[in-house]
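Asks: Protein sequences, first through last, are from chains A and B.
Numbering-wise (this note's numbering), the first sequence opens with residue 1 and increments by one.
Numbering-wise (this note's numbering), the second sequence opens with residue 1 and increments by one.
The set of hints was computed from the structure by calculation and includes no laboratory data.
Pairs of lysine-lysine residues, derived as DSSO-like cross-links and limited to a Cα-Cα distance of at most 30 angstroms, are as follows:
(1) Lys-17(B) / Lys-76(A)
(2) Lys-51(A) / Lys-76(A)
(3) Lys-103(B) / Lys-173(A)
(4) Lys-22(B) / Lys-79(A)
(5) Lys-66(B) / Lys-79(A)
(6) Lys-118(B) / Lys-22(A)
(7) Lys-173(B) / Lys-173(A)
(8) Lys-76(B) / Lys-9(A)
(9) Lys-54(B) / Lys-118(A)
(10) Lys-51(A) / Lys-173(B)
(11) Lys-79(B) / Lys-118(A)
(12) Lys-79(B) / Lys-9(A)
(13) Lys-66(B) / Lys-9(A)
(14) Lys-66(B) / Lys-118(A)
(15) Lys-173(A) / Lys-59(B)
(16) Lys-76(B) / Lys-17(A)
(17) Lys-6(A) / Lys-22(B)
(18) Lys-118(B) / Lys-59(B)
(19) Lys-118(B) / Lys-6(A)
(20) Lys-118(B) / Lys-173(A)
(21) Lys-66(B) / Lys-76(A)
(22) Lys-22(A) / Lys-79(B)
Using C-beta positions, here's what the derived DEER-type ranges look like:
(23) Val-18(B) / Gly-126(A): 35 to 45 angstroms
(24) Ser-29(B) / Glu-78(A): 23 to 33 angstroms
(25) Ser-10(B) / Tyr-174(A): 37 to 47 angstroms
(26) Glu-81(B) / Asp-80(A): 34 to 44 angstroms
(27) Asn-82(A) / Asp-135(B): 38 to 48 angstroms
(28) Gly-126(A) / Cys-142(B): 41 to 51 angstroms
(29) Asn-82(A) / Gly-157(B): 11 to 21 angstroms
(30) Tyr-129(A) / Leu-27(B): 26 to 36 angstroms
(31) Tyr-145(B) / Asp-148(A): 23 to 33 angstroms
(32) Cys-142(B) / Lys-9(A): 27 to 37 angstroms
Below, a sample of chain A positions facing chain B; criterion: calculated Cβ distance under 10 angstroms:
(33) Val-18
(34) Gly-44
(35) Lys-59
(36) Phe-61
(37) Ser-69
(38) Ile-108
(39) Asp-155
(40) Asn-160
Predicted, not measured: the structure shown is a model, and the values here were computed from it.
Note that CB positions come from ideal geometry on N, CA and C, so glycine has one too.
Number of protein chains: 2
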Amino acid sequence: MEFTEKTLKSEYVFNGKVIDVKRDEVLVSNGHQSLREVVEHTGGVVILALKNDKILVVKQFRYPIKSVSIELPAGKLEKDENPDYAAQRELEEETGYAADEWKSLGFIYTSPGFCDEKLHLYFANGLKYKNQHPDEDEIIECYEYSIDEIYSMIDNGIINDSKTICALLRARKYLSDD
Amino acid sequence: MEFTEKTLKSEYVFNGKVIDVKRDEVLVSNGHQSLREVVEHTGGVVILALKNDKILVVKQFRYPIKSVSIELPAGKLEKDENPDYAAQRELEEETGYAADEWKSLGFIYTSPGFCDEKLHLYFANGLKYKNQHPDEDEIIECYEYSIDEIYSMIDNGIINDSKTICALLRARKYLSDD
Numbered sequence: 001m002e003f004t005e006k007t008l009k010s011e012y013v014f015n016g017k018v019i020d021v022k023r024d025e026v027l028v029s030n031g032h033q034s035l036r037e038v039v040e041h042t043g044g045v046v047i048l049a050l051k052n053d054k055i056l057v058v059k060q061f062r063y064p065i066k067s068v069s070i071e072l073p074a075g076k077l078e079k080d081e082n083p084d085y086a087a088q089r090e091l092e093e094e095t096g097y098a099a100d101e102w103k104s105l106g107f108i109y110t111s112p113g114f115c116d117e118k119l120h121l122y123f124a125n126g127l128k129y130k131n132q133h134p135d136e137d138e139i140i141e142c143y144e145y146s147i148d149e150i151y152s153m154i155d156n157g158i159i160n161d162s163k164t165i166c167a168l169l170r171a172r173k174y175l176s177d178d
Numbered sequence: 001m002e003f004t005e006k007t008l009k010s011e012y013v014f015n016g017k018v019i020d021v022k023r024d025e026v027l028v029s030n031g032h033q034s035l036r037e038v039v040e041h042t043g044g045v046v047i048l049a050l051k052n053d054k055i056l057v058v059k060q061f062r063y064p065i066k067s068v069s070i071e072l073p074a075g076k077l078e079k080d081e082n083p084d085y086a087a088q089r090e091l092e093e094e095t096g097y098a099a100d101e102w103k104s105l106g107f108i109y110t111s112p113g114f115c116d117e118k119l120h121l122y123f124a125n126g127l128k129y130k131n132q133h134p135d136e137d138e139i140i141e142c143y144e145y146s147i148d149e150i151y152s153m154i155d156n157g158i159i160n161d162s163k164t165i166c167a168l169l170r171a172r173k174y175l176s177d178d
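Same shape as in the complex, but just chain A (with noise of 0.2 angstroms):
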């Protein structure tokens, strides 16, 4: 069977600063309708930085969820930025290092039942310390871990971010011992 939904009405509920959000009237290929709630989100980028065979993370209060988490650096796309150059901003202003060898590692949808958020994950290495710069509304704070503490944080349920667990999963071959 084709698998489509094609948009009958399309509303925004509502737009924001980081998201726009809109209610969809749908038919889908079966023939029956449907409403779609869909947020709208520009998409971000996700760097796995190495710097001597440690992996550089990132603790912050997330607000969503009400506690501190732990992640991999990573931010929002400004309008119209090229993901490669996000990364490199990123990395940046969360942590203060360039990095000399950067390699893609393609992209993930976080939530693709509700939201169209779309995160190009990276990986870093050739670390140089430059100056450090966050948001003046984020307290960020940077720690390195081994990759076997970062497995073991994911494995303990001290990590529970998707975007920097995919990470690590594609990037998988860059850090092996080899």
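Since the structure of chain A is already known, use the hints to place chain B on it.
Replies: This is chain B only, laid out in the frame that chain A set:
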């Protein structure tokens, strides 16, 4: 430095079927005030089910990303529903299978910067076919792939769904050749 953000004002800007959206004014613990847009979601379950060393996946059209997505079986929690029960319900609804053996793989937050969606991950084994019964506004096709095929699809960008990739990593000790 302490990591907190105190709510100064909170306002719902959208109440939907799947999500609610609020816009809050917060006081960051460094003294700055800021706005936070928060998508509230009831959360859900994701099941990595193994059938004769093959992993069950479902293929479906995802309206927000306007494309067909290959994902592990998953679904939303119903109001006050126990995640363990929801996992059994969703596996059977989407694939037709019931499982004898269940293991928790912890949980993930799909996008903690703007959304509270929490997904409980499970490993399921010992499958018996009962009866597939998806929602009538969903078209879902179920497939089986070897573990190596799933890893290839993740590496080649055929699978880009974050919950699916996270469950693979958390389940790796159950998927080894031992």
